[in-house]
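Engineer: These are the residues of each chain, in order.
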Amino acid sequence: MIISIDWLKELVSFKKSPKDIASDLTSIGLESTYNKDRDIIDIELTPNRPDCMSHIGVAKEISILTDNKIKRTKNSFKESSSDISNEIEINIHNKKGCPRYGARIIKGVKVGKSPDWMISRLEQCGIRSLNSIVDISNYVLLEIGHPLHIFDLDLIVGRTINIRSAIKNEGIVTLDGQKRELSNNHLLISDEEKPIAIAGIIGGQNSEVTEKTINILIESAYFDPVTIRRGAKLLNLSTEASKRFERGVDYDAIHSVLDRAVDLIIDISGGECMNGIAESYPEPIKANSVVLQSGKVNAVLGINLDNNFISKTFHSLGIKHSFNKDVFECKIPSNRPDLERPIDLIEEIGRIYGFDNIESKTNYIGTIPLDINDEESHIDSLRDYFREIGFNEAMTNSLISSEHASLISNKSVKVSNPLNREMSILRASLFPGLLSSARYNIRRGETNLAIFEYGNVFCSEKKKGWVENKNFSGIVCGNRLTKGWKNAKQPFDMFLLKGVLTNLAKRYNLETQFTSIDNKDDILLNGLKIECDGSPFAKIGNIKLDVLNNFEIDFPVIAFDLYLDVFIDKVGQIRFQQLPQFPGVERDLSLTVQNGVTINQIETIIIEEGGNLLKSHQIYDLYEGDQIEKGFKSATFSLLFRSDKKTLKDSEVDLIMQSIISETSRTLGAKLR
Amino acid sequence: MSLLSKINETRDAFEKAVSQDSLNESHVERLKNEYLARKGRIATLFSQLGSVDAQDRPEIGKLLNELKTNIEKKIDSFFAESTFSKSVDDNIDYSLPGDEFPSGSIHPITQTMREVKRIFQSIGFFSAYGPEIDDDYHNFEALNIPKHHPARDMQDTFYITENHVLRTHTSNTQIHVMENSEPPIRVICPGRVYRNEAISIRSYCLFHQVEGLYINRDVSLSEMKGTIEYFCRQFFGNNVKSRFRPSFFPFTEPSAEVDISCIMCTGKGCSMCKKTGWLEILGCGMVDPSVLKNVGYDSEKWSGYAWGMGIERLAILKYGIDDIRLFFNGDIRFLRQFP
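Those sequence lines, one after another, are chains C and Y.
Its first residue numbered 48, the first sequence is counted upward by one per residue in my numbering.
Its first residue numbered 116, the second sequence is counted upward by one per residue in my numbering.
By construction, these hints were calculated from the structure, which means they are not laboratory data.
Hints should not be assumed to be uniformly reliable.
When the alpha-carbon atoms are kept at most 30 Å apart in a straight line, the in silico DSSO-like pairs for lysine-lysine are as follows [stated by the list, open to error]:
no., chain 1, residue 1, chain 2, residue 2
1, Y, 433, C, 517
2, C, 458, C, 517
3, C, 680, C, 692
4, Y, 408, C, 143
One side only, chain C facing chain Y, incomplete, derived with CB under 8 Å [said to hold, decoys possible]:
no., residue
5, 332
6, 388
7, 497
8, 532
9, 534
We put the beta carbon where it would ideally sit given N, CA and C, even for glycine.
Isolated chain C (complex conformation):
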């Protein structure tokens, strides 16, 4: 809402500078900034304060701050002797949509240019001048906040105004030249033949005031906020009028607004006002009454106000009240639809007293806090783990394009009113976001990437429509470390990622096993699945080429996906193990096997035959080449044996080694090298 300082000063006097007034208004809930160049105050109004959508409304707030009275111009127009009731008949057919409708008629106006002072005030508030009649209706709107509509009386057929619901498929060409399709959710102003305006939203072209207009009908009504709101939403149209009606205008201002408009019109455009106001008001609206226990005010605000202050505040807000046995009985003024309950009045008192004047207290009444959220702390420590080993946390958009979504899953959840096609689907996986980020970075020459993300993903589901899951995923490409003066470069590969996950499992005391996943996986090729107690806990693999092509990425990318619910479910408590009491015995074992035999097959036998005494095993050399037969490879393991009860004898270890050698030979055809 834009308020002209010059105009405001005409309505209420104040000594403070406009900047200070803006700051004072802010402190009572009207967030205001003073613009020196335009000499205006710009107010960001909250939707509960339709009363402040005008210069008078803001002036009233200032009068509360300054104790100065509002200055209203006295009307000087005279009515003619001919009565308005001979000229127009008003019929309300929808009482709910239109509780009150009033009109005045002026005959013989001369539509022309508005005076300069009016044009400049309108322009100051951002409204372009059209002609004197339209300008006056806008001027009154900005001054008093009550929308008016002015019809060319001679274009109203049958001397009748009907306020009714639109019929389905009824249409009207509105003032902006648009043909509008209506439904029975719209409220119409119509004459005997046709709609002439969409009530409270916009007028019709067929009854518009033009340079040719001589006789006019001025409408001042109170329309139901919900009806106007629904109608405006359906038309996707928001006007100065609809904004005010849908928030609630002053239902008792009907006459005074008409009179103010008539006074200005006769003064500027001439003409003669007919006697009386044509009005339909089937059921007078009852003013809200609110009963407020005075003790409640201090209980909610946490201060100690006396009843005199409360009474004085009510007085300044125009709230008529009586006080009896600690109870205020209040009658709410017609311009404040937001005041309905005791708490609303308490807010008014707090607002005028000033929140900044309320003392801050920190004396807590204790409650037992919620249980610590395990999931939250596990996820935080996962984030820290990946940070420590050199990953960067990203956050990407949950809304993605359908092209990207379909690469990952056909079970996507759609947004019914997306911003654009690029953001029309809720992600079913974090990979589209991560791959988009990879593309973004690679295009900027950043090809060494290790990125992870944690967040919600969404998959469609038959019963509920969709399920929401938490995912933790990451991608790597390029090198973990580039070549330095001392060390070679360390590229990201499957083994590095496998190590990352093995180490992670160790940190959380998870017993894990790796198995390969088939290539039917949606996006991973030659992937591995990591299981913990038979439940999959994570997967890693190379992003498939067609997926990379779709993201226009020319580099190999390796990805991991953690199944968070399994992870959180399986995280084990760390248990202390007795430190070794006896020395261990180290042995090396070099075996030659056919290329088709996997290291995992050999290790399985080593573990099986090694039994309780085998404390650790590690492969430290893998060889294929001239030294051994073609089609064979040699693997060398370092094994550590130790007993918890005694010092092991060589002969005991020899026995175990022997059984490992004979078992690998029997089942895998391994030869000792």
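Keeping the supplied structure of chain C fixed, place chain Y upon it in accordance with the hints.
Structural biologist: Positioned in the frame of chain C, the structure of chain Y alone reads:
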């Protein structure tokens, strides 16, 4: 030759070998093998111990053990000295850079979120989480935002179905918490929220919030002020001033917006605070009685306060970030700045 003379001979040979000036590591490695290996000279001598007269055996055995220990010590200390002297070599250029470690980072939103959670946890507020897709009731109706109310314009909304939305605030979690537990309640609700707004430097179609809720008997606005001011001091520093401006939210009454004195210009007025001296950081208020009624609480018995803040806003102020889109495009050059 007696075993005794063999021992002496072995000792002399070893001493002579290690007294050479040109002794180097590979040389010593060979000596270690020659003398100490499983079939080396010392082991061979031990194997002959059985042939010595029983009465001489302890004496000879002791000498042999001493020789073994001596050789082991000499070899070990050679390696220790050699490693040390290598590491303190005067000729090394210590201006060469140290080993590189891959530098990971935590997203500034996560870091800010953690800081906010830590502050509220210190006064007993712990986290609760709720769904990002929720029904109209939990996102709007229960929060006193009926259909066809202008307050709906305050939050442009993404719809999934006619009755389900991408939540526009984490207040939906507050409703779930209140529906599922009896007061008193002290909780914060962190999470991602969505607004159907065009993407620009200043706005994005999603952001993150931490909302809080306190419900108890006789809770007053002055306690809310105490809590929020505590947060502001903890997050922005003890010198920061805060002010409470009356405002409007459908779910609180009275409602306030909280500004802090500008952290760039300390309130004098600069471009960051648009010359006002103040920065808006959060909204708060006393929980509206109709919200309490909607979750089945007796508003005569219980009262409370709630607040909500945008984490992006706090992070932008804290780190001096000038474009909200940087948070979400995964630019590694941005992410690496938050180790």
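Engineer: Flag every earlier hint the structure violates by its number, smallest first.
Structural biologist: Of the numbered hints, 3, 5 do not hold.
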